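In the order they appear, the protein sequences are chains A and B.
Residues in the first sequence are numbered from 33 upward in steps of one, following this note's numbering.
Residues in the second sequence are numbered from 222 upward in steps of one, following this note's numbering.
Read the hints as simulated data drawn from the structure, not as lab findings.
Note that the coordinates shown come from a computational prediction; the quantities given were computed from them, not determined experimentally.
Ideal Cβ positions, reconstructed from N, Cα and C, are used throughout, including at glycine.
Don't take each hint at face value.
Here are the computed lysine to aspartate or glutamate pairs in the EDC-like style, where the Cα-Cα straight-line distance is at most 16 Å [stated by the list, open to error]: (1) Lys323(A) x Glu211(A); (2) Lys127(A) x Asp175(A); (3) Lys101(A) x Asp75(A); (4) Lys52(A) x Asp75(A); (5) Lys181(A) x Asp73(A); (6) Lys92(A) x Glu117(A); (7) Lys256(A) x Glu234(B); (8) Lys181(A) x Asp72(A); (9) Lys127(A) x Asp103(A); (10) Lys243(B) x Glu283(A); (11) Lys249(A) x Glu238(B); (12) Lys249(A) x Glu234(B); (13) Lys256(A) x Glu238(B); (14) Lys259(A) x Glu238(B); (15) Lys214(A) x Glu320(A); (16) Lys257(A) x Glu238(B); (17) Lys323(A) x Asp204(A); (18) Lys207(A) x Glu320(A); (19) Lys52(A) x Asp72(A); (20) Lys257(A) x Glu283(A); (21) Lys214(A) x Asp204(A).
Chain B side only, calculated, beta carbon under 7 Å to chain A, not exhaustive [claimed, not checked]: (22) Val240; (23) Phe241; (24) Leu469.
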Amino acid sequence: MIKPLFIFLSLFFIQTVEAKPLVVTTFSILKDWVHVLAGDDVDVISLVGPNQDAHMFEPKADALKTLIKADLIVVYGFGFESWFERLQSSLPPLKHVIYATRSLVPHQEYDDSLGREMIDPHGWHDLSYAIQSCHIIADALQDLIPHSKEKIIGNKNQYIETLQNMDKNIRDHVKTLKESQKIIVTSHDGFSYFAKAYGITVLSLQGLSTEGQPSAKMMAALIKKIKETKVNTVFLENITNPALISQLSQETGAALKGPLYSDALSYAHEKAPTFLDLMHHNVGLFMESMKTIATP
Amino acid sequence: MNILSSLYSLLFEPFYEYVFLKRALVAAVVLSFGCAPVGTLLVLRRMSLMGDALSHSVMPGVALVYLVAGLSLPLMGLGGFVAGLLVAFLATYMTRHTQLKEDASFVSFYLIALALGTVLISMKGSAIDLSHILFGTILGIGPTSLVMIGCITTVTLCAIACLYRPLIVDCFDPHYLDSIHGKSASVHGVFMALVVLNMVSAFQAMGTLMALGLMLLPAISARFWYQHLTALFVLSIFFAVVSAWGGLLLSFHLNVPSGPAIIITAAVIYIISLVFGAHGSLVKHS
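Chain A extracted, bound-state conformation:
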């Protein structure tokens, strides 16, 4: 009687041997990068999942529990995760929080629908920023699992080479376009970094965050601009309401294509389950749209 009881009680004291450290990222793109860099040497959890809107994320108790258990927390920064700052004030001090944009300078934009200057958080669309973030995350991972240092550095260099090739590819493609063709219309202003990196104009209905509500004036202005510039495609996004952009498409005759993946990766069976797929998919759609703009 005592012996089984003892064994039963001792079960409460056995610690499962945790070989792998837990890395918690705020959203799916960061999770992908950690996975590329450290592979199976860490467990990764992303608080905001695929196809979810990190701008308006409301963390539940689960998120808090996960954060407390984490060995490394990767946050993007640039004000993207405003909910994270609020979380920190209600938790015990979290260990090992790194910002993937530490020492990077964000772009500031005037957001029409919110009526003020805002920091644009969508830095990952500019591949040079993405590369910098990979360096920062790789350094943190090396501190976390020093025995995998060579592996991480190897993965990092390989990935960065891929990103650099992609960057060059995009620039080559953009060179083949005429000035008047370099315009894209999206649902919310998530591609500004991409635009600035490659010299393209991006027009959108909603501002930097999906929180803003467009006014009739903004809709009218965008419609006018689309007709003027002869843009023939407008893009849906995976995290925004399609009603407004559909209306835009109907009124201007522009084709409704997409979805674009701006702030989150897609589910595994969809078109953008990794960051590379995301860029590939988006850029493909952009190029298709821009090439077909009629030039005078």
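Since the structure of chain A is provided, determine the placement of chain B on it from the hints.
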């Protein structure tokens, strides 16, 4: 000539120039014809706040259907309608069969619906943040929505026309109606159904928060000008239409979000009526 043409470009041209604005105006006008009379009846029955409770009970229904069936406006409308009707039915039933008074009953059930809805939604997780769905926007009304709004307004007006006398008598003296017809409960039921129906109709244009504004503010404002019932109906519809038109122009010229702009215009009309109205306003106490 110059004044006329600039007046034209200020007040009418935007609607000719842009299809989305024209659609928004049509949607809002048709909505007004359904919502304003229902709102007038709500005000007469002293149920204005109950309308607020009902609008909150529609939301969980809409959200749940969205999670199960995706972005299908008719189905979402149906979900909202069922949810709202359920809350209305439960609340009214409890009022008649327990010691609960109508206001406490409504509040308790809409809160339960709201909380349950929120929990269920959070369990499933949202692919698109639900506020994008729930804050419907009048600038994005598609043909399906327009048809839906049209049908609901037609049904509303027919129902009010057919049941005019019982509805009015039920407003003022339900016991008298009971003694004559013995059916005041079902008239009340039909009225509740109309309120929920118009709420559902308005939610996709204005969002659940603003939908109530279009229903109540014009009706409340109308009472400051006329006491006669037919006049109240007509004036409330007129105020609602003017609010829609003015609000959309405000949104167009001054870059204000469209839903709130319509409510602000309705509010301006309300304040003018409150201060200067012919009956019982601040200036004319009689």
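Consistency of the hints with the structure:
Proximity of Lys323(A) to Glu211(A) is assessed by CA-CA distance (about 11 Å); at most 16 Å being required, the pair is judged to hold. Note on Lys127(A) and Asp175(A): the hinted pairing holds, with a Cα-Cα distance of about 13 Å set against a maximum of 16 Å. Restraint check for Lys101(A) and Asp75(A): the C-alpha separation of about 12 Å stays at or below 16 Å, so the hint holds. Distance check on the hinted pair: Lys52(A) and Asp75(A) sit about 6 Å apart at the alpha-carbon level, within 16 Å; holds.
Only pairs whose Cα atoms come within 16 Å are accepted, and Lys181(A) paired with Asp73(A) is accepted, the gap being roughly 11 Å. For a cut-off of 16 Å, the pair hint linking Lys92(A) to Glu117(A) stands: about 15 Å separates their Cα positions. Proposed proximity of Lys256(A) and Glu234(B) is supported: the alpha carbons are some 14 Å apart, at most 16 Å. A distance of roughly 14 Å separates the Cα atoms of Lys181(A) and Asp72(A); the hinted pair therefore holds under the 16 Å criterion.
For the suggested pair Lys127(A) and Asp103(A), the alpha carbons sit about 7 Å apart, so the restraint of at most 16 Å is met. Distance check on the hinted pair: Lys243(B) and Glu283(A) sit about 11 Å apart at the alpha-carbon level, within 16 Å; holds. Using a Cα cut-off of 16 Å, the hinted pair Lys249(A) and Glu238(B) holds, with the two alpha carbons roughly 12 Å apart. For the suggested pair Lys249(A) and Glu234(B), the alpha carbons sit about 13 Å apart, so the restraint of at most 16 Å is met.
For a cut-off of 16 Å, the pair hint linking Lys256(A) to Glu238(B) stands: about 10 Å separates their Cα positions. Pair hint Lys259(A) plus Glu238(B) holds up; C-alpha atoms about 13 Å apart against a cutoff of 16 Å. Restraint check for Lys214(A) and Glu320(A): satisfied, since their Cα atoms lie roughly 11 Å apart, inside the 16 Å limit. The suggested pairing of Lys257(A) with Glu238(B) holds, with an alpha-carbon distance near 14 Å, which does not exceed 16 Å.
A threshold of 16 Å between alpha carbons decides the hint, and for Lys323(A) with Asp204(A) the separation of about 13 Å falls inside it, so the pair holds. Between Lys207(A) and Glu320(A), the direct Cα distance comes to roughly 14 Å. Compliance with the 16 Å bound is thereby established for this hinted pair. Among the hinted pairs, Lys52(A) with Asp72(A) is consistent with the structure: their alpha-carbon atoms are about 8 Å apart, no more than 16 Å. Between Lys257(A) and Glu283(A), the direct Cα distance comes to roughly 12 Å. Compliance with the 16 Å bound is thereby established for this hinted pair.
Under the criterion of a C-alpha separation no larger than 16 Å, the hint pairing Lys214(A) with Asp204(A) is consistent with the structure, at around 13 Å. Because the smallest distance between the Cβ of Val240(B) and any Cβ of chain A comes to about 5 Å, under 7 Å, the interface hint for this residue holds. Interface hint at Phe241(B): satisfied, since its Cβ lies 5 Å from the closest Cβ of chain A, which is below the 7 Å cut-off. The criterion of a C-beta within 7 Å of any C-beta in chain A is met by Leu469(B), whose closest approach is roughly 6 Å, and the hint holds.
Going through the hint list in order, the structure satisfies each hint without exception.
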